[in-house]
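Assembling the complex is the task here: the two chains are given apart, and the hints tell you how they should meet.
Chains C and B, in that order, are what the protein sequence lines are.
Here our numbering runs 20 ahead of the position in the first sequence, where the first position is 1.
Here our numbering runs 100 ahead of the position in the second sequence, where the first position is 1.
It is possible that part of the hints are untrue.
Stated by the list, open to error - Residues from chain C that keep clear of chain B, each with C-beta distances beyond 10 Å, as calculated:
no.: 1; residue: Ala42
no.: 2; residue: Ser76
no.: 3; residue: Gly83
no.: 4; residue: Gly114
no.: 5; residue: Pro200
no.: 6; residue: Ala203
no.: 7; residue: Leu219
no.: 8; residue: Tyr324
no.: 9; residue: Arg350
no.: 10; residue: Tyr389
no.: 11; residue: Glu436
no.: 12; residue: Glu473
no.: 13; residue: Ser478
As the list claims (entries may be wrong) - Using 30 Å as the maximum straight-line C-alpha spacing, the simulated BS3-like pairs for lysine-lysine come out as follows:
no.: 14; chain 1: B; residue 1: Lys530; chain 2: B; residue 2: Lys520
no.: 15; chain 1: B; residue 1: Lys535; chain 2: B; residue 2: Lys520
no.: 16; chain 1: B; residue 1: Lys502; chain 2: C; residue 2: Lys225
no.: 17; chain 1: B; residue 1: Lys530; chain 2: B; residue 2: Lys282
no.: 18; chain 1: C; residue 1: Lys224; chain 2: B; residue 2: Lys502
The set of hints was computed from the structure by calculation and includes no laboratory data.
We put the CB at the ideal spot given by N, CA and C, even for glycine.
For reference, the chains in residue letters:
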Amino acid sequence: MANRRKKKKNRILTAAAWLTMAALLLIGLYELLFVPAGTGFSAQENRTLAARPTFSFRSFLNGTFADGLETFLEDRFPGRDRVIDFDHALRQVGSLASWEDYARVAENDVADMEYTEDLSGEEPELTPRPTRTPAPTAAPTPEPTAEPTPAETAGEGSTPEPTRTPEPTATPVPTPTPRPTKAPVQAADFPAELRCDLLDGTQKKRAFSYMRSKVLHECSLFDTYASLLPEDGVFVMTIVPHSIRANRLLTFKEPAGIVSDIEPFIHAMTADNVTAMSTGVILSDALLRGEYVFFRTDMHWTPYGAYQVVAKMLAEAGETLPPYEAFPLRQEHPFLGTIYRDKPTRQMQENPDTLDILTPTHPVIVRRYTTPEKFEEIPFIKEDANPRDRYTVYLGGPKGNLTVIEGTEMPSVGTEKTCLVITDSYGLCTAPFFAEAYDRVMIYDPRFYNRGEMGSLSGLIDQYRVQDIYLVVGELHAFDESFFLQCRRHF
Amino acid sequence: MVFSSLTFLCLFFPLTVGLHYLVKNGTARNALLLAASLLFYAWGEPVWILAMLFATAVNYVCARIIVNTKSNRGRKLALVVGIVISLAALLYFKYAAFLVNNFCGLAGLAYRMTQPKLPIGISFYTFQIITYTVDVYRGQAPLQRNPLWLLLYVSLFPQLIAGPIVRYSDVAETIAHRQVTKQGMGEGFFRFSLGLGKKVLLANLCGEVLETLPLPAEMSFFSGWLAAALFLLQLYFDFAGYSDMAIGLGRMLGFRFLENFDAPLVSRSVSEFWRRWHISLGTFFREYVYIPLGGNRVSRGRWIFNMAVVWGLTGIWHGANWNFLLWGLYCGFLMVLERTVLKPVLAHTPAFFKHLITVILAVVGFVLFRSESFLDIGLQLRAMFAPWRVALSDPYAVYAVKNNPLLLGACLVCCLPLRKQAVAYFNRRKAAGRKNALRPYLKALLALGIAGLSVLFLVGQSFNPFLYFRF
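Just chain B, with the same shape it has in the complex (with noise of 0.2 Å):
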């Protein structure tokens, strides 16, 4: 189930969030959760239930060992156990077929591997289960007695399918005793309602501009550039979006879920825009296999082989595919560049220009990202940095732009920190002993307009894919 499902609006959600607001008794809060979370995830594809509950099982024991075993080779084994456990059923699933095709390709060999059926969430809901294992292991959370606790945090529908991924010790206190309040309800909605709104009318109208637009093998200096821009901006509004709906969601149940996005688009530089881009997943990999690998306190070789780790497996993590690689190992090669030879440059560049760079080296990033193959990234990147090898425009870009001013226009004043601004703001007033009175009135019109406009736009769209689904 997805949350701009009018499934999931029209009956899961305001069912779940009623009756769990009305349940009062935490136990019977906590089963009624587990039981909407695991109907959430089977919704359409039941069976994958099973790998999510064996990946618990084997985390719920290897934790238990790890708490219960004195011996230092015991714990760690055990450690060792269930992550590689739960990262061989992601490896199983996500990338097999990718590396024995591979494989056999390179050694002529005429098998092919058919890609299996990737669970929903797989690569979301292992990382928050080998957090669980590790902050354990490292004393800096506490054990789960109680299995169905346990699976409710791997399963806990806001978050499940597409993040943020939450650290067992960000919420393991709520899960025990967490309350439900009024102003929680509030703004958990208002929270919801932005979210939706930059998922349906922002991602899926760039999606729908973007699907008017030529192939590469066809494009334009302009329209390369142009779907270039589209396709960050769709994949910023979809993910943030749906984080958004998370964050919303959680809060409305009684959870405070960490940010997930934090206006990448204004940064000033790559590493900034990967500090406010995707949070939790950049912790993830900071926490998990950055600093354990020695992190920046190493030989400039070792840290380059360290930024080079980290960033294919981001890469790789997006998806079984080279393209995927390859951008992770771009951004990784932006930021060490940014970080050494091209340090003290920056330091003296103007920041409106560090700004436009920043947005275009992200911009062609997204290129690799989105294209399926590298002749698809060849022939856009020609469009976009050789306009006397193609057309300058053609009529699809400009029709796209005409045609859309409003959106495009939302679009980038929906980049910008507004919400951050906006509470600035209302706090500067307070301060000067100036009244808000309608800050509440128009938090509620906002909230209000955004998700019915967001239902309305819903039933006459088809074009409705979340893209980090696939992920």
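Looking at chain C on its own, in the form it has when it is part of the complex (with noise of 0.2 Å):
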């Protein structure tokens, strides 16, 4: 009898073995002979999946076909999107930080990116300002002086904006109207530490900031993108705060606003025509008045905080935008986004976002580009984006070579002009309103650009003869070690 039962305990946990093993064999074998070879495409993870590789001698030897067939098996493991879904939600399980919690470690995040930087005091030469030919407007670089202008450093609020002779509205021929020159300034006159502060009337909070000599660095880049562009052009960025930061400024008792001087720094820094604004100084009136401007739930702004520094980074350019209710517009409720996504809490999902959806005012055509004659029409609003990232609903989220975005008749909004966009997911809302400015919007993600399969950026510039530069970037990434880096490498 005891024998018996014995017999039927080892029975069961041999049959698990089995079982197992065959469950494991017939994945594999699942996913060597019935999964296509070739590369696929994971919306969830925005990124493309690993193709089968190929056996050869050489790459057994040197270990290529070996991590290529693990990748493979792991990318291209059966219903992985669902895999991860669960993973995730099972890393949740018992989860007692609270948004509070994230958003601390989600600030120091950003902190620490800021202060790896080198302190040693050694600042890169800044380089020479380029010249654009013929140059009749732009007035040569002024030598620098110790002292600031005070034009220069005051501006909205605290925070100083450039001064700027207003451009005339938008013309199909654009008059070059003489440019003023920006006043000498010099870089040590800025504190070491560029920060965009918040103000609850009593302290500053920072929101978040970046080393001086990085921003000095990346100076040189704005103005070598800059020099590509006719007389008139301009070259617009602002950098946009993580929502997060952002909301913070509801909670205060005493919120009183914005400042940053990282804009003043670039502007000041800088060629003529290259201008920048700070996208928490333009929402500080309507964060204050507690206008929607970003999402609670996602790290992006929302469309209609988008709209307001897109109208005035326009309006640099001499454009101006038709009131945000002219766009036709749907909403979808409740959207929860990515920080929902990565720290699902309770408050969060009982004050959900609403995420307008907008589309420009005329019929447009959007080809996505792989090479410079290769492309795939896609949808303005993909209506089937990723559930778990709605925000992707614009042009199907970041991905792709370059974008761009043409009136199905052309000229459609009778500027004759093309934009480039240069931009990060934040970039993706601002669409429907560039897209009433330009008759063409070029938009490049530099994450997903690849040189050799589409060309030098300036190539392009060239070639589509681009108008005017927005810079349109996320906090996280404006200054961290690859953005910048690989928009020198396109150039």
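Structure representation (structure tokens):
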């Protein structure tokens, strides 16, 4: 009897062993034999999935076959997206961390990124500003003087804003207006740590900051891109805060505003046709009024917030935008974004966001280029966008070498102008607004651009006769290790 | 190839174990296992198989000479040649750059040697092959006349790359004649699943949490201790998990490997901790270094010297760096203290405090083990022991704890000798005449659940290194 029980016990465990091994082998063989050999794409992870490696003696010897096979098996595991969802959900089980804990870590992450900069005090030499040829209106770079000009250091709130003669409103053939020369300022007149601060009436709290030397290094990049533009072209840039930091402003008892010396610094250190604007400062009043310009559950700004900033940026090029209400709009509610996805809490679940989905006021066609000749047409609004990241309904998310938006009939808005938008995911919801001011909008995300396939970006700027360049980038990417480095490499 | 890769789990594991089970002929089984083991080792870095073949060939010849030579001098010479050549390869690949660069640094020379790429598992198979030659010399193991079967012992894939270090005398009989039973399959699979779970569900997740904590220069008091404790847990579950998988796989293939971990974190003294942690390495150093040096049956001074040698070697075995040597000497120093000046004090210390002190000492020890420089060691120890010099807490540590209470709880529970306690519980029930009808179902469910969950986690995890690979 005891022997029989022991046998039964063995049978059950042995059956479990065989069952598991058979299941694992079936998965392995299925992947090897039935999964297409080519690369795939994961919308959820927004990346290309590995292709099946080809066996050769050489690839076996140098280990690339082994690595490739492992990556292939991982990437093409049956139901991978669901498995990752499950994995993610399981990791959240039992979590006691609140949204505030997450926000504090996110805040420190940015601080860490900034403070790992070289603090030796040595600054890179300022690259000579490129001079455009012909440049009848461009004033020569002035000799730096020791004292900053008040006009450059004062501005909106306590934040200096660039002083510039307003450009004329857009006309089909814009007449070049003499551009005022920026007042000479030295980099050392600015603090070593450039900050964007939130004011609560009694004290400053840092929203984000970068080391001056790092920012100064990138100013030459902005100048170089700006030098490619026609004489009346402008390079306008803004850095968009992470919504977590922007929303913190609303929790202050006596909110007072936002100040930043990052953009004034860039503005002072770059060529005359480069303008740097602070998204935080532009949206400061809206934030204080509690307007819905940043999501609560998603890291991005809302399309309404983007509208207000793009309107200011376009004004630099002499363009105006129709009212927000003029854009065809529908709303998705509830919308739970990337912050919720990474750190779901009841608090967020009970206060979901609303996603405005806008399209340009005129019919447009969107092309995503893989090479200068090869493209696919994609919808402006991708209705079947990843449900875990609905913000990517705009143009299907940040991907592809180059995305070009044109009117179905050209010229569509009559400006006959092309603009280049250098951006990360924050630029997605600006597309309807830029498309309202330019006949052609080229959207370039350096993280996904392949110079080998597309050629140099300067070549494309020439080829498409780009009139203006806009840089819209989230604070996390702005001065990280790779974003602007890629912009340099792709130039 | 590693056990926690999909290539292993979805292809190599079921095919090898399944075919091995189906083949009934002993010679064919060995041939299959040898081919599988060589493929396992060659996967990814085939060139290093030559180093293993060379070490095996040298020791095969030396062992034959030992057996066939009558003169004591000749036998000794063959033994020394076998050991020296085996260790020379280890010395070159693992320590040459460290020694040369330190020497050049001291001598003020500009020359720096590039670190050669380390063949996977060289520290483990070198020691295994040495045990063969020494055991044959001592007459404790039979001569293996078939070089292929000796190669099978060295390259046996379950324990090839991260132990446990199996002595030839322990498996010699099993290589020649072994039985693959249904019971072995079931029990082995259960053990393998437990190991996979320890590695994937505990060690990897601890590693992920550890990665989110600040660097030593920015550590607070809380994150300093948390990082040290998490590293100990990660290392323990990583290595104990691998050992469990090796033992389980061995069981499925008809081998019985000795235990390598025995719940070391419940120890009440540092000596006990080391009797429970990486048992096979401790046994190797005791049998082949400590006892030949005279062990503890010598004068006190000589005994302290022996301890320093053994623990210095234990430390440096883990890696060619000063921090490993420091860590080894730290362990040896604690043991000497424990057996000398602290002995009367510890005899009257309550068990709880002894346990607490042992865990704290282990946690501190692994700070030395983990840090890549003395500066990092100093910074982390400052955070841990000088809270007035650093912040008490930081958002990363708070978030790590609040976001992972289940993981931390599971780690603490799994540090206990649960398997032993469960077996004892069921045996008590059996002795009392009560049925354990649910036991096989529970075991099967547990094994299936852990294995399934681990595979699912593996798909979504990119963080999957075996820490003991680099040793």
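These are the hints, each one checked on the structure:
1. Ala42: violated (7 Å)
2. Ser76: holds (13 Å)
3. Gly83: violated (4 Å)
4. Gly114: violated (4 Å)
5. Pro200: holds (45 Å)
6. Ala203: Label holds. Min Cβ-Cβ 39 Å, cutoff 10 Å.
7. Leu219: holds (22 Å)
8. Tyr324: Answer for tyrosine 324 of chain C: holds, closest chain B Cβ roughly 31 Å.
9. Arg350: holds (34 Å)
10. Tyr389: Answer for tyrosine 389 of chain C: holds, closest chain B Cβ roughly 30 Å.
11. Glu436: Given that every Cβ of chain B is farther than 10 Å from that of glutamate 436 of chain C, nearest at about 48 Å, it holds.
12. Glu473: Check passes; 26 Å lies beyond 10 Å.
13. Ser478: For serine 478 of chain C, whose nearest Cβ neighbour in chain B is about 35 Å away, the distance exceeds 10 Å, so it holds.
14. B/Lys530 - B/Lys520: holds (15 Å)
15. B/Lys535 - B/Lys520: The given pair, whose Cα atoms are some 19 Å apart, holds under the 30 Å limit.
16. B/Lys502 - C/Lys225: holds (25 Å)
17. B/Lys530 - B/Lys282: holds (23 Å)
18. C/Lys224 - B/Lys502: OK: lysine 224 of chain C and lysine 502 of chain B at ~29 Å, within 30 Å.
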